[in-house]
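Novice: Protein chains in written order, with the numbering used here: chain G, 3 to 86; chain B, 3 to 86; chain D, 3 to 86; chain R, 3 to 86; chain A, 3 to 86; chain E, 3 to 86.
Errors might be hidden in some of the hints.
Identical chains share a label here; the pair holds if one copy fits it or two copies do between them.
Taking lysine to aspartate or glutamate and the DMTMM-like style, the derived pairs with C-alpha atoms no more than 25 Å apart in a straight line are [unchecked claim]:
id	residue 1	residue 2
1	K27	D53
2	K52	D40
3	K52	D39
4	K27	D39
Hints in this document: simulated from the structure, not taken from any laboratory.
Note that this is a predicted model, so its numbers are computed, not measured.
Protein chains: 6
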Amino acid sequence: MNTSLIPNNSLITATPEDGRQLAIKMARLVIKTTQPDDSIRKTLREIYEKDAAMLIQIGQVVATEFSTIAAANHYWASADRLDA
Amino acid sequence: MNTSLIPNNSLITATPEDGRQLAIKMARLVIKTTQPDDSIRKTLREIYEKDAAMLIQIGQVVATEFSTIAAANHYWASADRLDA
Amino acid sequence: MNTSLIPNNSLITATPEDGRQLAIKMARLVIKTTQPDDSIRKTLREIYEKDAAMLIQIGQVVATEFSTIAAANHYWASADRLDA
Amino acid sequence: MNTSLIPNNSLITATPEDGRQLAIKMARLVIKTTQPDDSIRKTLREIYEKDAAMLIQIGQVVATEFSTIAAANHYWASADRLDA
Amino acid sequence: MNTSLIPNNSLITATPEDGRQLAIKMARLVIKTTQPDDSIRKTLREIYEKDAAMLIQIGQVVATEFSTIAAANHYWASADRLDA
Amino acid sequence: MNTSLIPNNSLITATPEDGRQLAIKMARLVIKTTQPDDSIRKTLREIYEKDAAMLIQIGQVVATEFSTIAAANHYWASADRLDA
Numbered sequence: 003m004n005t006s007l008i009p010n011n012s013l014i015t016a017t018p019e020d021g022r023q024l025a026i027k028m029a030r031l032v033i034k035t036t037q038p039d040d041s042i043r044k045t046l047r048e049i050y051e052k053d054a055a056m057l058i059q060i061g062q063v064v065a066t067e068f069s070t071i072a073a074a075n076h077y078w079a080s081a082d083r084l085d086a
Numbered sequence: 003m004n005t006s007l008i009p010n011n012s013l014i015t016a017t018p019e020d021g022r023q024l025a026i027k028m029a030r031l032v033i034k035t036t037q038p039d040d041s042i043r044k045t046l047r048e049i050y051e052k053d054a055a056m057l058i059q060i061g062q063v064v065a066t067e068f069s070t071i072a073a074a075n076h077y078w079a080s081a082d083r084l085d086a
Numbered sequence: 003m004n005t006s007l008i009p010n011n012s013l014i015t016a017t018p019e020d021g022r023q024l025a026i027k028m029a030r031l032v033i034k035t036t037q038p039d040d041s042i043r044k045t046l047r048e049i050y051e052k053d054a055a056m057l058i059q060i061g062q063v064v065a066t067e068f069s070t071i072a073a074a075n076h077y078w079a080s081a082d083r084l085d086a
Numbered sequence: 003m004n005t006s007l008i009p010n011n012s013l014i015t016a017t018p019e020d021g022r023q024l025a026i027k028m029a030r031l032v033i034k035t036t037q038p039d040d041s042i043r044k045t046l047r048e049i050y051e052k053d054a055a056m057l058i059q060i061g062q063v064v065a066t067e068f069s070t071i072a073a074a075n076h077y078w079a080s081a082d083r084l085d086a
Numbered sequence: 003m004n005t006s007l008i009p010n011n012s013l014i015t016a017t018p019e020d021g022r023q024l025a026i027k028m029a030r031l032v033i034k035t036t037q038p039d040d041s042i043r044k045t046l047r048e049i050y051e052k053d054a055a056m057l058i059q060i061g062q063v064v065a066t067e068f069s070t071i072a073a074a075n076h077y078w079a080s081a082d083r084l085d086a
Numbered sequence: 003m004n005t006s007l008i009p010n011n012s013l014i015t016a017t018p019e020d021g022r023q024l025a026i027k028m029a030r031l032v033i034k035t036t037q038p039d040d041s042i043r044k045t046l047r048e049i050y051e052k053d054a055a056m057l058i059q060i061g062q063v064v065a066t067e068f069s070t071i072a073a074a075n076h077y078w079a080s081a082d083r084l085d086a
């Protein structure tokens, strides 16, 4: 399966932690699609990783992606209940 | 069918990856509708594709569009389960 | 029916494309209500239609309006299935 | 009933247009609560009503408020169906 | 019950107006937790209460908090219907 | 269980207050993952904790994370009803 925007072409993950990692990857892959040049992205990364406002905005994007992933996984309800 | 804002006039896609591509297209088509001049959009693209803050904001728009598309597709639940 | 914020006073549309058009209109009508002077809005439009960051933010507003319209129309589910 | 943040202390409205008006009022009343001085708000209004970026952000707030109001009213489904 | 982020440790309120007040309090308590120094917050308040763009952003945060509170209270549906 | 993005790898919390604390932690852990250098993050914190606009944006991220956590916990409905 050849995908560029969602690893494994699925929103389903084993755990919330995995869902969170997926949210970060999905957010990054949109930026990669919009700016495919690796060297430009590297330069931009050096900017945003030292910019408080941009880091907070990245947090906003990840939170939004994660809300979709969490809903897709029914908030990992059965896993949580098995642990309880 | 003559559409300018949603390809195929449908939110339904075969896979999450396709849904993600649709989210990006839908985000771009709103900008195209608001600024229909191809040469101006080309100039603007040269700006935003090298601007970390704008790339992050594009990620936010795509995340929001995708949340709607994912809900429309019931998070591609049956496809995921068939693959599992 | 005299309305100024939602054409036809309804969130129901025939297709996703129509829903998208409605989202753009609803976003514009809030701005028109907040700034009713046509000449000032024309001046502002000349600014935002050439500003990449503002165009992206317009995309964000439209995405948010559309998520509500899509839910109101049950994501146009039956129409999609009839076409499928 | 003495309220300062939601007129009539209810999210229920007769029509989508009324719901949209309520969204705008709710957005304004939060600002009024945060900045209760009428003359300062008047000065601020003169700024934001001529600022394209701020008008777009107001559109974002109204869209978010409206999504809650629309859900509370089940998207005015029965009214729409009676008209259909 | 010793809480610092949600008064009474509950999202349930008697009315929409109370839910709106809770949304404003919850938004403020996150800022208080991030910046616990009262005198610094007082200085910051003098800035944002006279800044149109920041007041609009506060409106956005309150709208987001309120959408969660409204869902938790089933949009105060029975109260609304008893009044009707 | 070795996690870096969600403490205890679960969205389930005992109370709304705990859910709110989790939202703040989740928001911080995304920033930590994006900028893992402790001394840089300390410098950035000194900036954003004195910047009104950034504190408001942090409030927005926390509100978004919390909406997901609250849904995962069914808005802590049974706990609220036991207290009522």
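Novice: Each of the hints needs a verdict: does it hold here or not?
Specialist: These are the hints, each one checked on the structure:
Taking identical chains as interchangeable, the C-alpha atoms of K27 and D53 lie at most 25 Å apart whether they share a chain (20 Å) or sit on different chains (20 Å). When the C-alpha separation of K52 and D40 is checked against a cutoff of 25 Å, the pair qualifies both within a copy, at 19 Å, and between copies, at 12 Å. In this assembly of identical chains, the alpha carbons of K52 and D39 lie at most 25 Å apart whether taken from the same copy (21 Å) or from different copies (10 Å). Taking the closest pair of Cα atoms, K27 and D39 come within 25 Å of each other both inside a single copy (17 Å) and across two copies (20 Å).
Of the numbered hints given earlier, the model fails none.
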